[in-house]
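Novice: Single-letter residue listing:
Protein chains: 2
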Amino acid sequence: MADAIVTPWEVKGTVDYDRLITEFGTSKITPELKHRMEKLFGKLHVMLSRDIYYSHRDLDVILNELESGRKIFLYTGVGPSSEMHIGHVIPMSFTKWLQEKTGANLYIEVTDDEKFMFKKERKLEEIERIADDDILNVIALGFDPEKTFIFKDTEYIRNMYRLATRVAKEVNFSTVKAVFGFTNSTNIGMIFYPTLQMLPTFFEKNYCLIPAAIDQDPYWRIQRDIAEKLGYRKAAQIHSKFVPALTGIGGKMSASHPETAILFNDDEKTVEKKVMKYAFSGGQESIELHRKLGGNPDVDVSFLWLKYLFEPDDKRLKQIEDDYRSGKLLSGELKQILVEKLNAFLVEHRKRKEQARKLVEKFMHTGALAQKMWNTYYE
Amino acid sequence: MADAIVTPWEVKGTVDYDRLITEFGTSKITPELKHRMEKLFGKLHVMLSRDIYYSHRDLDVILNELESGRKIFLYTGVGPSSEMHIGHVIPMSFTKWLQEKTGANLYIEVTDDEKFMFKKERKLEEIERIADDDILNVIALGFDPEKTFIFKDTEYIRNMYRLATRVAKEVNFSTVKAVFGFTNSTNIGMIFYPTLQMLPTFFEKNYCLIPAAIDQDPYWRIQRDIAEKLGYRKAAQIHSKFVPALTGIGGKMSASHPETAILFNDDEKTVEKKVMKYAFSGGQESIELHRKLGGNPDVDVSFLWLKYLFEPDDKRLKQIEDDYRSGKLLSGELKQILVEKLNAFLVEHRKRKEQARKLVEKFMHTGALAQKMWNTYYE
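So the sequence lines, in the order shown, correspond to chains Z and R. As numbered in our numbering, residues 464 to 842 make up the first sequence, in order. As numbered in our numbering, residues 464 to 842 make up the second sequence, in order.
Simulated from the structure, these hints should not be mistaken for laboratory data. Don't take every hint at face value.
If chains are identical, the list can't say which one is meant, so a pair holds when it fits in one copy or spans any two.
Said to hold, decoys possible - Here are the simulated lysine to aspartate or glutamate pairs, EDC-like style, with alpha carbons at most 20 Å apart:
id : residue 1 : residue 2
1  : K821      : D595
2  : K804      : D786
3  : K816      : E731
4  : K781      : E751
5  : K586      : D523
6  : K835      : E530
7  : K715      : E731
8  : K668      : E735
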């Protein structure tokens, strides 16, 4: 296996997820932890039972809190660098499930500042346009509008900046250099920015649980170093694997490479074309060979997307897997199953997105949690 | 002459002001520029005629604007690190004069964020307490409440942050390292902070004139490199010398070293004691020798304070200088003149400070300019 690069801004190469646990110093989600979650939440989310969420920090502490009837809170984020794609469903729908099961407050940070400052050619107006669309997508996925606060950094900064000065004071250039690979040519906005990504972990004195892909882990390592000194809790995390790119498991979906991803805005024809043309196949070179040797679902992206996202029924998934492995199910047929699932999801999603427009104010300003947040100045 | 250190955070050693002009690449205020100011403003402020304001960048451009009847704006700042002392009267009373003469809008930035993040042991609450007292001192010096906006960074950040991301994106770590001597152990808040000190220079599309001691110059060098790219004007500056410390001309007054400074809050007895005990004297070792050889007003801090701040009458100042040089005026007598002037100023100042409490809201929120500023979001 070639060495993979995994940072908050880049994922390249075939990722060895177990090695990431060792490298990052996180822990595997054990059967015992899953058992405790089953007792607390009822049936496990398939992203847990299928090991898509597979790593954590302090998940046991979070479960202790919940078992003792204490409140926790949830935090996740959206980076509006380009249109959202279906890879984003993983953290969002899992977070939604966690909110349903725990009744926890949820904070969703829209990091418009970061995405603008990260690349030279980007214009702020463009980022804001993307951010507004992302917010509709997030709302469409369905969260509790009274218990969820969605905010843009460039707006909520007014309530965060005082606390941000306390956080920033604890982190020096050496640290962000080591953790994020910043250099002398990194701009001073990006150097400051990790402060704001850490900040929502201090929104409550309760324990915070962050569901996110494992590449975001570096932020939380710094947070965990400084939290207690500032009078807060170390943030707990639950880490997912990446949804493989349409073009193969050696990378992450990216809206800037349209062949790798299905965007929320892709229409039915585009979805079909992309899957048929680009979805990396674990099948054989000819139908004859496929019938004889069978396909390999472990590298077949259509199968993996069904497993990660679009086929919640374990029995049905197993059937697809077996049929594919035996050669009974052809690659084109497997792709067709995915296309149907994808389009069913996207058609429904776009309907909910239209309705989401009416809810933006609630999530951002007038919902119970949002109102409380705009009246809270963090010191 | 030993090498002096002059940065925005440190002034040490005997400063060679002409050399600073060469080093910083600024220009001397020429007789021709003074003549133009006389024509525009009437009689020159003594801080100009006595060369306390002695250096500039683009003052000629500012005078062009004013001569053509166009508006400029003024910007200066307060760093609430410790109680204000009479050294702060130099930029403030000169700025007040400029506002009277030009009718310009004035922005006064209170850099509470910087002063908090700069030193490990400082608490934010302490900085805010000092900031609130500083604001009263500033108001007591008398500005136009409809044309002056006083703001704390930690509050006005809400209107500045979007533009701040654009500014920060243009400045990398190499630059702030070279200009401010930042290192790997500088915290990421301080690294970002120059962005906010530059920001008020972009509050208007007009030309900005900054009256400040010359040690603040580095900020404006970066501003001048990036302003036009962002669609704004290069900031013009007019630079003052430092009021010498009470203890001698080799340094700057500092409230954290009480023997070097007279604080706005020092009572009459304290003022007298400090001047008598600490004011560096240019006199001789005995009265006999002094009568015979005379004193040296060029290094006598009591004389210099009269010249810089407390004796506006040129004739009277000349008389004092001649009498001291000839030996007619003794050091103790010279000190007594300063004590009387200082206490007259401070008694009056504290009266105005009491009245200032009623004006805080106006300068910070309800005055014409303040209202406009709270409704302006900089992009």
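Novice: None of the hints should be skipped; say for each whether it holds.
Specialist: Here is how each hint holds up against the structure:
1. K821 to D595: Classified as within; 13 Å inside a copy, 42 Å across copies.
2. K804 to D786: This pair counts as within: shortest intra-copy Cα distance 18 Å, inter-copy 98 Å.
3. K816 to E731: This pair counts as within: shortest intra-copy Cα distance 16 Å, inter-copy 70 Å.
4. K781 to E751: neither (23 Å within a copy, 109 Å between copies)
5. K586 to D523: Classified as neither: same-chain Cα gap 42 Å, cross-chain 35 Å, threshold 20 Å.
6. K835 to E530: For K835 and E530, neither the intra-copy (27 Å) nor the inter-copy (52 Å) Cα distance is at most 20 Å.
7. K715 to E731: neither (22 Å within a copy, 71 Å between copies)
8. K668 to E735: Cα proximity of K668 and E735: none, with 47 Å in one copy and 52 Å across.
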